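Below, each chain spelled out in residue letters.
There are 2 protein chains.
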Amino acid sequence: MALIVQKFGGSSVANADRVRNVASIITDTYKAGNEVVVVVSAQGDTTDELIDKAKEISAKPPKREMDMLLASGEQISIALVAMAIREMGYPAVSLLGWQAGVLTSSDYGSARIKSVNTTRIKAELAKGNIVIVAGFQGINKYDDVTTLGRGGSDTSAVALAAALHADKCQIFTDVDGVYTADPRKVKDAIKLDEITYDEMLELATLGAQVLNNRSVEMAKKYNVELEVLSSLTRQPGTMVKEVVNMEKMLVRGVTKDVNVARISITEVPDVPGIAFKIFSKLAAKNINVDIILQSVGREGTKDIAFTVSKDNADLAIEVLKTSIAEINPDNVKLDTGIAKVSVVGAGMETHPGAAAKMFEALYERNINIQMISTSEIKISVLIDAEYADEAVAAIHAKFLPPVE
Amino acid sequence: MALIVQKFGGSSVANADRVRNVASIITDTYKAGNEVVVVVSAQGDTTDELIDKAKEISAKPPKREMDMLLASGEQISIALVAMAIREMGYPAVSLLGWQAGVLTSSDYGSARIKSVNTTRIKAELAKGNIVIVAGFQGINKYDDVTTLGRGGSDTSAVALAAALHADKCQIFTDVDGVYTADPRKVKDAIKLDEITYDEMLELATLGAQVLNNRSVEMAKKYNVELEVLSSLTRQPGTMVKEVVNMEKMLVRGVTKDVNVARISITEVPDVPGIAFKIFSKLAAKNINVDIILQSVGREGTKDIAFTVSKDNADLAIEVLKTSIAEINPDNVKLDTGIAKVSVVGAGMETHPGAAAKMFEALYERNINIQMISTSEIKISVLIDAEYADEAVAAIHAKFLPPVE
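Going line by line, the protein sequences match chains A and B.
Each residue of the first sequence is one higher than the one before, counting from 1 in our numbering.
Each residue of the second sequence is one higher than the one before, counting from 1001 in our numbering.
Just so you know, these hints were derived from the structure itself, not from any lab.
It should be emphasised that the depicted structure is a prediction, and the values quoted were computed from it without experimental measurement.
Any given hint could turn out to be false.
Claimed, not checked - Covered by chain B, per the in silico footprint, the following chain A stretches (three or more residues, Cβ under 8 Å):
| # | segment |
| --- | --- |
| 1 | 44 to 57 |
| 2 | 78 to 89 |
Stated by the list, open to error - Listed below are the simulated DSSO-like cross-link pairs for lysine-lysine, each with C-alpha atoms no more than 27 Å apart in a straight line:
| # | chain 1 | residue 1 | chain 2 | residue 2 |
| --- | --- | --- | --- | --- |
| 3 | A | Lys60 | B | Lys1127 |
| 4 | A | Lys63 | B | Lys1031 |
| 5 | B | Lys1220 | B | Lys1122 |
| 6 | A | Lys241 | A | Lys277 |
| 7 | A | Lys122 | B | Lys1063 |
| 8 | A | Lys114 | A | Lys220 |
| 9 | B | Lys1060 | A | Lys31 |
| 10 | A | Lys55 | B | Lys1031 |
| 11 | B | Lys1063 | A | Lys127 |
| 12 | A | Lys191 | A | Lys220 |
| 13 | A | Lys53 | B | Lys1141 |
| 14 | B | Lys1285 | A | Lys122 |
Claimed, not checked - Simulated DEER-style distance windows between Cβ atoms:
| # | chain 1 | residue 1 | chain 2 | residue 2 | range |
| --- | --- | --- | --- | --- | --- |
| 15 | A | Phe276 | B | Thr1119 | 49 to 59 Å |
| 16 | B | Asn1286 | A | Asn15 | 45 to 55 Å |
| 17 | B | Thr1119 | A | Lys285 | 34 to 44 Å |
| 18 | B | Thr1119 | A | Pro236 | 34 to 44 Å |
| 19 | A | Ser105 | B | Lys1114 | 31 to 41 Å |
Idealized CB from N, CA, C, for every residue including glycine.
With the sequences and hints as input, model every part of the structure.
Shown next as structure tokens:
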């Protein structure tokens, strides 16, 4: 008998038919002799509807009350899923975050799970119950309801799987796994059978949007075996785990991210500490900087360029122009017409030719590379946004040619 | 400084404008120097919508899960009310039933409040907060969410007022007080300034639908002074309290109840224990019997007639026809075309002429009385439903003639 945690997102429980479908997946798992703990998100658009209600009352509602409001969404879906399972003749009980022992930090709206007291869940499992837990929510040390931020239900599921030493944590979504590229854009994209945590993290950060990043970090930390799969097909999905079969594939995925802006500053005085000054001022405003490029500029100066996410661009420009005396405001330039294209794969560490292969693919299409950034398992290039999809397809074809 | 508990029903918080209106009533009370604890029901039709969601999944959803589902309704409204108060610049915090220390019996769907641990509420009041509590809900000894049944928010408010030794408990509804008769039907109906708990109980039972019965019983038990008033006008309402000015009025109200069915059984053998047999069989099916009339029938037999609520009528008929050997099924008759009209008033105890006055009013309109039932503070008659409104008006005019 295995203990399996299954997580179903909002679209998987959007209406009564979907709820019944989810219940049949759960009961099939239970019937096969497993203990089952289920984590459920709020139905479909419930969270957005609740946010609208709040906005009608206040442009900036207090976060504590916002969490109180939003947590009602998962409460509805766990009750409905439990009802559907009971209707099918199987024992089920729904639990709210606090009932499931999910203790979090006090940061309303973006709380972190600090610990999970599994006493109640274990007692319900011991009674033979399928346990349905509200994702996305917990309580803090003040006994107040907190939420984990968007996508937090993935984190709830992984935290429960870790605390319960579950054999597997299945994340059901509306895609059937992790692909080597966006299958809507790249027709030869392949569904991966397996992927490492680090690769998944790089892919998640780059916008693959399959799994919440924090949940992958937590899965890695506690060595929780994840499976990403669809609630609508009954096919195996993609396993996310520590060690995968490296031989099979050099590269796991090719992604693009258009939420990138490039900021360049020319003629910065070439004095010690200037880079520190720039990036600490940005950090103080919570602006994450991604790729950084520094080059020698005109006599006694240097040019610094870096990327930030588009929504941080205006704030970054303002910080640079107003709070750093050494920078001439006229020399600060913003470029939003760019995209970051990346290849990810743990296999690249031992295959030095990967970067060259990527650049070759771009060269063949005559696509100019503006900036380059590499990590052990990732190579990213900054290119003109106009060519992003073409670049992804070309790189994908180079690394993962269609099987004849 | 007084401590005031204010309860707002679902229609009072049905949309953003109503929520703001409620917030302004609350903050006015707070600004006047009072400590304020607020109990809120689910918005408008939320509870019905949640019930519909459940019915799509299961014809008979498990009660525990139904309570989990329904409790989300009040969670939404307390968050919105707290947001609205904060938006107006006053301190407020929302609390769920369990956070407010509302401990109940384990009867899902119709739980009784067993105790209120006021520690958290008192701590929030001590911080200067207006405390917004989810009505209708609590937790039982298993740490499971329970609900108190329809109208339970009134009971929540009274229980909190009792536990906190509040100076007053104000029940805001969509009517502006308790009337001597339904003001939509009887144009001379008068709003009462005050009424005793017992009178209010009789009126509630008879269908005045202003206050939940259990809440009145609890208010009487703990001597909580209630005020029933409208959230839409800023006028004083009706005070419900132990001792009221008896001199002013013999009768507090005239009501009709059309949810009545009369069952008559003729030619029941006149043997000992037959009445016990009939009414214990009905009680075993949870059928409440109201007025009972027994009369001598044909030789060696008697006739028994009684009333039940219309929704229990079919079940009662079935019980009588099938499980009591002494009854000839052909002799069981059902009449649903009747209404119960009642006058209520603690003053009647000391005024023996009240019944005669009521019968006179009916006689003058030539309305036939089918059955009569009296208590210390109530006289009810069963009449043809067709004449119910006319009877109420006639009796009202007799006891409470319009002031010239």
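* To do: Could you tell me whether the CB distance from threonine 1119/B to proline 236/A stays inside 34 to 44 Å?
  => Distance hint for threonine 1119/B, proline 236/A is violated at roughly 51 Å.
* **Consistency of beta-carbon spacing, lysine 285/A to threonine 1119/B, with hint 34 to 44 Å** => holds, 41 Å
* Quick one, are lysine 191/A and lysine 220/A close enough, alpha carbons at most 27 Å? -> holds, 21 Å
* Assess, step by step, whether the Cα of lysine 63/A is no farther than 27 Å from the Cα of lysine 1031/B, and give holds or violated. => holds, 24 Å
* Asked: Do the alpha carbons of lysine 1220/B and lysine 1122/B lie within 27 Å of each other, as the hint requires?
  -> Between lysine 1220/B and lysine 1122/B the Cα gap is close to 24 Å, so the pair holds against 27 Å.
* Asked: Taking only the CA atoms, is the gap from lysine 1060/B to lysine 31/A under or equal to 27 Å?
  -> holds, 23 Å
* **Beta-carbon spacing of asparagine 1286/B to asparagine 15/A - inside the hinted bounds 45 to 55 Å or not** => violated, 35 Å
* Has the given pair, lysine 114/A with lysine 220/A, been kept, meaning a C-alpha gap of at most 27 Å? -> holds, 16 Å
* When you take the CB atoms of phenylalanine 276/A and threonine 1119/B, is the distance between them in 49 to 59 Å? -> holds, 51 Å
* Does the structure keep lysine 241/A and lysine 277/A at a Cα separation of 27 Å or less? -> Distance of about 40 Å is beyond 27 Å: violated.
* **Hinted pair lysine 122/A and lysine 1063/B, Cα distance within 27 Å** => Roughly 22 Å between the alpha carbons, so the hint for lysine 122/A and lysine 1063/B holds.
* To do: Please work out if lysine 55/A and lysine 1031/B have their alpha carbons no farther apart than 27 Å.
  => holds, 25 Å
Violated hints, listed in ascending order, are 6, 13, 14, 16, 18; each of the other numbered hints is respected by the structure.
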